[in-house]
Structure formats: C-alpha cells, structure tokens
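Trainee: Using the sequences and the hints given, assemble the complete structure.
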Amino acid sequence: MSKILIICSCPRTNKDLSELLSGVGYEIFPATDEQQAISQAEELCPDIAIIDTSSPGINISNICKNLKLQNKTNDTQIILLTSKDSSSEEVLVGADGYITKPFNENILIATVNAHLRIKKLLDILYTNNNELAKSLYQLNVLYSTSSQLAGTLDKSKLINIMNNGLEKSLNFSLCHALVINEPENATLIINSLHPISKRLEEGLKLRALIGYKSLFEDSELPFSLSINNINPEINIKNNEGLFDLDILVWDRLFSSINTSDQFFGTVEIIREDRFTGEDSTCFQTVVKQVSLPLESALFYEELKKTNVKLEKLERLKSEFISIVSHELRTPITSIKSSLDMLLSGRMGGISDTQGNFLSLAQRNIDRLSGIINDLLDLSKIEAGKMEYRFAPCNIIEPVKFVLSSFEHLAKKKNIAIKLETGTEELKVNGDTARIEQVVSNLVSNAIKFTPENGEIRVKIEEIGDRAKVSLTDNGIGIKKEDMPKVFDKFQQIESSLTRKVGGTGLGLPIAKQLVEAHGGEIWFESEFEKGSTFSFIIPVLREDIYAKSNINS
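11 is the number of the first residue of the sequence shown in our numbering; add one for each residue after it.
One or more hints might be untrue.
Think about it this way: if two alpha-carbon atoms lie no more than 27 Å apart in a straight line, the pair counts; the simulated DSSO-like pairs of lysine-lysine are [to be verified]: (1) K327 <-> K499; (2) K319 <-> K390; (3) K298 <-> K144; (4) K469 <-> K423; (5) K499 <-> K458; (6) K489 <-> K499; (7) K314 <-> K499; (8) K165 <-> K178; (9) K478 <-> K437; (10) K208 <-> K247; (11) K314 <-> K327; (12) K428 <-> K540; (13) K421 <-> K346; (14) K75 <-> K111; (15) K478 <-> K410; (16) K82 <-> K129; (17) K165 <-> K298; (18) K458 <-> K423; (19) K75 <-> K130; (20) K540 <-> K499.
What follows is a set of in silico ranges between Cβ atoms, one per label pair, in the way DEER data are often shown [what the hints assert, rightly or not]: (21) S270 <-> T343: 54 to 60 Å; (22) I128 <-> E250: 41 to 47 Å; (23) N195 <-> N248: 27 to 33 Å; (24) Q45 <-> L252: 37 to 43 Å; (25) R373 <-> H336: 21 to 27 Å; (26) T343 <-> E305: 55 to 61 Å; (27) E407 <-> K327: 35 to 41 Å; (28) E250 <-> E37: 37 to 43 Å; (29) L149 <-> T316: 35 to 41 Å; (30) E465 <-> G161: 57 to 63 Å; (31) R356 <-> M493: 47 to 53 Å; (32) G365 <-> K327: 38 to 44 Å; (33) L149 <-> S270: 22 to 28 Å.
The set of hints was computed from the structure by calculation and includes no laboratory data. No residue lacks a Cβ here, since even glycine has one placed at the ideal position from N, Cα and C.
Mentor: Quick look at the structure:
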C-alpha cells in the first residue's frame with residue numbers, strides 16, 4: 011500500500027485529505043508541524059508528501075530540502091497544496107507538483123496517482139541502474155580475473171585469484187575451496203570476513219567432504235578422502251567479530267572445480283543476503299574461468315616432474331656409459347697389444363690362415379675401440395668435462411693430416427680424395443686434436459657411404475671472418491625425411507649400406523658439439539642417391555685481437 015504523508019497544521023484540512031485519500035486505498039500519516047513531518051518522513055519513507063503551504067510555523071523550503079537530501083526520502087514525490095493568490099516562488103522550493111485550493115477531489119486523486127506512477131517509474135529506473143552498475147562491475151571483475159589467471163601456472167595462486175574474483179564480484183562473507191592435491195590429501199582454503207570458531211572450522215570440513223561426495227553419488231570417488239585428510243588453511247580479512255555455526259543457514263552457492271578430464275576440487279561461498287540469478291551466473295563463470303589455466307598448471311607440473319625423471323635417467327645413462335667404457339678400455343687395450351705382438355711375428359711364426367683370423371680380430375678390436383672412444387667423448391661432452399687446448403693453428407694442417415691417414419682406406423674402395431684450398435695458411439684459435447676428430451668423422455662417413463670408384467672433394471676457404479671446411483661426396487645421399495635426425499645421438503639412417511657399414515651413430519653428434527665448442531656451426535646439404543656435402547665454419551684468428559686478449563688476460 012502506498013504511503014502518503016500529509017503535512018498541515020489545519021485539523022480540518024488534515025481530516026478532509028486523510029478521509030479522501032484513505033478512501034481510495036492509500037495509507038495516510040498526518041503531521042502538524044515541521045519537526046514531526048521530518049521525523050515521520052525519515053521513519054516511514056513515504057511515497058508522497060502533501061504540504062499545505064498556508065500552514066503557519068512550517069518552513070516549506072526546509073522540509074523540501076530535508077526530504078531531498080536524505081537517502082531514504084530523496085525520491086519521495088512532494089506535492090504543494092497552495093492557494094490561488096500564493097507567490098509562484100513557493101512552487102520552486104523543491105516540490106514536484108502542486109494543487110490549488112480549494113481543490114477538486116478528482117483532480118487531487120488524479121494528481122496523487124500520477125505522482126505515484128512517477129515514483130514507481132523512478133524506483134524501477136533506480137533498480138535497473140543499480141543492476142546495470144552491478145553487472146558492469148561484475149563484468150570488469152571477470153575480465154580482471156581472467157587476465158590474472160592467464161599470468162601464472164601456480165595452482166595455489168590460481169585458486170587465490172579465483173577466490174579474490176568471487177569476493178570482489180559477489181561480496182561473500184565466507185568462502186571455502188576444497189583442493190585435492192593428491193590421493194588422500196586435501197587442503198581446505200577458507201577465506202572469511204571475520205574469525206571463525208573451532209566448531210565452524212570442523213563444520214566447514216564436514217560440509218566440504220559431504221559436498222565432494224555428493225558430486226559422485228552414482229559413481230566411484232576419484233579420491234578416497236576422509237575428514238582427517240582435510241587440512242584447513244584459514245585467511246581472515248577482519249579480526250573483529252566471530253562467525254559460528256549459525257552462518258551455515260545463510261544463502262550459498264556451490265560448484266565443483268574441474269579441468270577437461272580431471273576433478274580438482276570444490277568451492278562454496280556463503281553470505282547473509284540472498285544471491286540472485288545473475289550472481290549465480292557470475293559465480294559459475296568465475297569458477298569455469300579457472301579450469302583452463304588450472305589444466306595448463308597441472309600439465310606444467312606433470313611436465314616438470316617428468317623432466318626431473320628424464321634428467322635423472324640421462325645422468326644415470328651418462329654415468330653408466332662412462333663406467334662401462336672405462337671398464338672395457340683396459341681389457342681391449344690388452345687384447346689389442348697381444349694381437350699386435352702376434353701379427354708382428356715376435357711371438358713366433360703364424361700360418362696364413364691364422365694371420366687372416368688375427369687380422370680380422372684386430373680390425374674388430376680397432377672398431378670396438380673407436381666405439382668406446384666415441385662413448386667416452388659423448389659422456390665427457392654431456393658432463394661438460396671435455397678438455398680443449400685452444401691455441402693459434404693453421405686449420406689446413408689438421409685437415410691434410412686426416413686426409414693422409416685415410417688414404418689407405420679410400421684406396422681399398424678406389425675412392426679419390428681431392429683437397430682444394432686457395433691458400434697455404436688459414437689461422438684459427440682451435441684445438442688441433444678436436445679439429446682432426448671433426449674432420450675424421452666427416453671423412454670416415456664419406457668413405458663409408460660412397461660406393462667404389464667414387465670421389466670425395468674437400469674444400470678449405472675463408473668466408474668473411476670464418477674458415478669454412480666442406481666435404482662433398484657422390485655417395486648414397488640422405489632422404490628428405492631422414493635429414494632432421496642426422497645430428498641426433500645414436501641415430502643411423504636406415505639403408506642396406508648403413509646396415510653393412512655399421513657404426514654407433516655418434517660421429518656426427520660429437521662433431522657438432524666439438525664445432526660449437528669452437529664457436530662455429532656445422533650443417534649439410536644432400537640429395538638422395540646423388541651425394542652429400544657436410545660443411546663447418548669456425549672463426550678466423552685475427553692476430554691483433556688475439557694479442558690484445560693475451561695482454562688483457
């Protein structure tokens with residue numbers, strides 16, 4: 011029922027207005043002086059105030075200002091009851107309308123009805139504006155929360171960001187999020203406006219457990235959980251006051267926290283004021299927002315654990331290779347020495363058949379020794395223990411030395427090795443032994459994969475501030491799909507020739523590591539069944555820079 015406050019010092023007018031308006035269904039409250047009028051207005055919050063301007067002792071301006079300045083009454087419609095000879099200024103003191111005396115009853119009722127409609131429209135507009143402002147604020151919180159969620163892969167931070175977003179957008183009194191980190195172990199994160207009692211803490215643990223189990227009434231629980239496995243983590247915003255069990259009857263919103271394929275936990279917020287449908291939508295949106303970054307966080311965490319395991323396995327593998335290689339080297343050295351002595355004739359004469367078998371054994375021992383050396387070098391490189399003796403050297407010399415050492419092997423397949431160089435000296439700051447090892451691996455591969463009567467061309471040139479060494483063969487080449495794994499450890503490109511020549515697949519990975527240790531690069535170009543070109547570059551030594559670095563050191 012609409013409330014009408016009649017402010018008039020004349021009993022007769024008060025009675026007439028009260029009877030007229032109460033007769034059409036309005037609730038009437040009379041006031042005979044200014045103080046009573048202001049007090050009743052503040053208490054009743056009337057829809058309309060009718061003020062008789064002819065009442066002595068009533069300051070119309072003060073009453074209007076007071077009604078319009080108070081939050082409770084600033085939308086009260088003020089109608090002035092004025093005589094025809096009143097000054098027009100009285101109408102301008104803050105009133106919303108006026109009626110002249112003597113008034114017509116029908117006109118008075120129609121005027122009151124019209125202002126009541128205006129009051130209702132203003133109330134609707136005020137409510138809509140409040141709801142719009144609230145929706146805009148919640149949208150802003152959702153956007154801010156989404157931005158923050160995208161900035162971390164820490165599970166705890168993600169849950170805290172979610173809780174902060176819920177607090178800002180829904181102004182809860184208490185929030186508890188059950189986070190199941192691992193089987194039979196969970197954390198209950200409690201964010202509360204005030205401190206909570208011990209029995210409320212236990213009640214929240216039980217409530218979270220019941221909520222969790224209710225999600226899986228018709229299926230098996232993903233985690234076996236009891237109240238003793240739930241560890242509370244309590245955050246208090248305001249140290250004054252105390253929340254107890256009675257807040258559990260307040261309004262609540264509850265949801266599970268899930269990723270696309272994994273259950274993570276639950277969250278519930280509680281407040282005394284009722285949640286609206288828009289509040290529920292906002293709540294579900296915030297909870298869903300955390301799902302994708304949470305999934306990424308879980309994946310990242312699993313990836314870190316896997317990487318730790320892989321690093322441990324890689325370390326164990328390297329240690330195993332190193333130990334085995336060292337253990338094998340001693341007996342192999344002994345066998346190799348014995349074979350050399352037997353083949354030299356110093357231990358007595360041997361038949362041709364015996365010599366052939368001993369030579370076969372010697373070649374296989376040399377091959378096995380090479381494999382062990384490769385394994386040892388690889389383990390040293392991966393452990394960062396490979397020793398380098400850098401010094402100024404002419405890169406042409408180690409290349410020539412390697413080519414001469416492979417002449418005998420190349421002649422067996424009738425492969426011609428040609429060296430092209432436009433200068434007799436090209437200095438680099440390098441480890442001669444390691445450069446020889448790189449070139450040896452490249453030449454050895456070229457001879458292996460070049461058929462009989464083939465050709466290998468080695469070219470040394472200076473390009474800018476780099477010394478470039480290239481080895482080109484007309485061998486079997488490399489298929490396009492095999493190219494990405496050429497420098498991978500223990501990789502051998504599949505072919506009948508590969509199976510025939512054998513090898514560990516470590517030569518090129520070791521060469522790559524050694525070249526990079528010299529500040530250089532290694533690469534290749536190949537066409538299947540037409541041949542390959544392997545090239546590497548290392549910086550040319552500038553004498554003035556080298557001398558300056560020695561002085562500074």
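Trainee: For a quick check of understanding: which of the numbered hints are violated here, in increasing order?
Mentor: Result: no hint breaks.
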